[in-house]
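Engineer: This is what each chain is made of:
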Amino acid sequence: MSLGSVPLKYKISIDRDQCMKCMRCVDNCSYGVYRIENDKILIDSRRCTACHRCISMCPRDAISLQEKPVDYRSHPLWTAQAREDIINQARTGKIILAGMGNAMDYPVIFDRLVLDACQVTNPSIDPLREPMELRTYLGKKPARLQFTRDDKGDIELKTELAPNLKLETPIMIGHMSYGAISLNAQLSMAKAVARTGTFMGTGEGGMHESLYPYQNNMIVQVASGRFGVDINYLERGAAIEIKIGQGAKPGIGGHLPGEKVCTDVSCTRMIPLGSDAISPAPHHDIYSIEDLAQLVRSLKEATEWKKPIFVKIAAVHNVAAIAAGIARSSADAVVIDGFRGGTGAAPKVFRDNVGIPIEAAVAAVDQKLNDQGVRNEISVIASGGIRNSADLAKSIALGADAVYIGTASLIALGCRVCGNCYRGLCPWGIATQRPDLVNRIDTDVGAEHVANLIHAWTLELSELMGAAGINSIESLRGNRDRLRGYMLDEGMLNVLKVDPVGA
Amino acid sequence: METMTIDAKGMHYTPLNRMIREAVASGVKDIVIDNVLGQRFIANGLRGDVRITINGVPGGDLGMFMSGPECIVRGDCEHAPGNTMDNGTIVIHGSAGDAVAHSMRGGRVFVRGNIGYRGGIHMKEYSQKRPVLVIGGTSHAFLGEYMAGGIILVLGIGHETTLEDRGIGSGIHGGEIIIRGDVEDRLLGVGARKVRFTDEDLKRLSPLIKEFCERIEVDPVPFMDTNYTRIVPASSRPFAGKYTWE
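In order, the protein sequence lines correspond to chains A and B.
Here the first sequence is numbered in the numbering used here, starting from 48 and rising by one per residue.
Here the second sequence is numbered in the numbering used here, starting from 26 and rising by one per residue.
Bear in mind the hints are in silico, worked out from the structure with no lab data behind them.
Since we're looking at a predicted model, the values are computed, not measured.
Misleading hints may appear alongside valid ones.
[As the list claims (entries may be wrong)] Simulated crosslink set (BS3-like; lysine-lysine; CA at most 27 Å straight-line):
1) A/K115 x B/K154
2) A/K115 x A/K87
3) B/K54 x A/K353
4) A/K307 x B/K54
5) A/K58 x A/K115
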C-alpha cells in the first residue's frame, strides 16, 4: 500500500515575460529546482527549500514563491505539519531531524515587554554628544577591593583580579562549529568580531588554522566529544567554554554525520575522514556539580589560571538552581541558551518541545544569583533567539551581562532561515562544505555585513539607553524597573520580576 | 640528567603544578614528587620531555591535556588519569578510578591493577596519533564506550575471567578492544562485535604486550599467544539508521 506523496511545501513560478533566461537561477540553486530542456527553464518545485537564493539573484524579479500551495482540510489540531510528520514516521519508523530553531508558535515574551523612556522629570541623554559606556567585562568581579598606600602616598590595588574578557559592545557571536558551518562563514564572523572588539565561539570542532590570526577574539569550546581539543587549542582561545547543553536540543548530544567530515574538518576535529563525530549526551567526566567544578579547575590549571571559563547550559526548568551551582564551580560566566536557539540539526521533538524561553531563564538566573549573593562571582550570557537590539536591551534589563547571537549573524551572511542546514547543500555557502558553495562567501564582504549588524545594534542600544536616561550598560543590567510587561500573566510577571504596563 | 625532588605534603595543586612547570622550563628532566595525597590535575596541559615520579595517590585528572611527559605513579590513581591526553605516557603501579583515558587522543596509559567504570571512553585517533590503554587486571562496566579509535588491552592478571562486567564497547565506532581469554556475548554493548584474534594481531600487538609487562615487571612470555578476544565496531556509523529528515 502506498501512502502517496505529500503536497508540495513551496511552489515556484517564473514570470516568463520577465525572464531573460540568464540562467542565474539554474546556476545558483544547489537543490536542483531548475533545469534547462530545449531552451526552456523547467521547475521542480518539490526540491525547493525557500532559501531564496534564486529569488535574490534574479535580475528581473521574475521568480515567485508560494508557501503551502495545496490546502489540507483545515483543522486546528491536526495541522498539515502534524499530519506530514506522521506520514513520514509511518514510512520510516525513525526520529525526525530538523534544522534551525524551535518552529512552534509559542508566544514570544520579548514581544510582550516594553522599554522605558524619559519624559520631563529626568532628561534623556543624546548619545551623539554624550559618551555612552557599552564596554562590558565578562568574568568574576571581586566582592571587595583592597588597596595599599606606598611611601609616596600612591595607592595601589592589592586585590588580585580574575581574568575578564573586555567587550566593546555586549554582543558576541555564539558557538557554531566548523563542520556545522563553513570555514568562510566562520572567517567572516571572526573578522567581524575582531573589527568590532567583541568575541565569537569556535563551537565544538577545533580551530582551523586560518582562524589563528583572530584567536584573541575567539572563545574555544570543550564539549562532550572533546573534538579538536588539545593544549594548543586551549591556549589559543581568549576564553574557554564548557558546553553542557544547547537550547535547541537540551539533554542530548550531537553528531556530525560522516559525510560532512571532509579532509579539513577531519584535521580540525582530529578524527578520521568520513567517520561520524559523536558527541555523547553528558560529558563522561561530569556526573555531578562537583565534577563540573573539577573540569572548570582542570581547564584553569592547564592554562595557568589565565583564561575565563564559561559554562553553557540549555535553559531548562531548574535553570536558576543549576546556574547557582555553576557559580560555585570557579566558572567565570554562565551561558544560558533558550529554547529558541538555533542548530544545524536536532531531533524535531526536542527542538520544538524541550526547554524554556531565554527571557524567563535569564530573569530567574539573575534573581537567584542575587538572592544568594553570588551575582558578582559569575557573568550571565543570554542566547537563543535574540533577533534585534530590542531583544538585546531587554535581555540585559532582565539580568544578562551580554548576549550571544547565532542565527542573526548567519542572516547577515545570507541565510534566509530555510532550515535545511542538515542537508549540507546551503546555497549561501554557510551550512555546507562543498567548495563551490563555500566560495560564494567572500569573507571580506561577509565580515563587513556581520560587523555592520553588530555596529547597528550597538548604535540602537545606545539610543535606547540614552532615551531611558542611562549612560552606562551597568545601569541597564538587571534594571527591571525599565521594563513593563504588556499582556503577560501575573505568574510570568513574578518570574520576570517586572511590573505590568501602567503600574 | 638534572633531578628535582618535591615534597608535596599538604601542598595545593596549583603551587605544585607551578613548581613542575618552572622546573620543566628550566630544563629539569626528572622530577620526583613525594607524599602526594589527592592533589588533582598534576601535569595538566604539561608539555616537554620530562619524567615525573609520583609517590603516593594523585587526585583526579592526572595528566589531563598532557602532551609529551611521562608520569609514573607509585600508588593508585583517582578518576580520569590521561583525560583528553595528547601525548606521553602514564604508568600506574596500582589501580585507578572511573573514566581512565577519557577522550584520550594520543600517548599511552598503563595500569598495573584494575580500573573503574567507563575506561577508555571515547578514545579517538587521528593520523599518526593512536592512543593506547593497557590494563593489567580487570575493568568495570562500559569499557571503551563510544570508542572512536585507539587500542584498549586488558590482560586479566590475577583474575580467572578477565572481564565480568557489561557494556563493553557500547557505541564503539572506531578502534579495538583486546581482552585476554574469552568474553561472553552478553557483556558486549550495542554496536560492538567480537572477532577472532589472529596470529597477525599477535604479531602487531606483541611489542605493546612486551612493553607493558616490562614496565610493570611481569614476565611477558605467558601472554604471547592468541588467547585473546578482539572487539571491534559493528559499524563506523552506529547512529546512521536512527534518523529521518523533516
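Engineer: Could you run down the list of hints and mark each one as holding or not?
Structural biologist: Hint check results:
1. A/K115 x B/K154: violated, 51 Å
2. A/K115 x A/K87: holds, 25 Å
3. B/K54 x A/K353: holds, 26 Å
4. A/K307 x B/K54: The hint is violated at about 43 Å.
5. A/K58 x A/K115: Judged against 27 Å, a Cα distance of about 8 Å means the pair holds.
When the structure is compared with the earlier hints, violations turn up for hints 1 and 4 and for no others.
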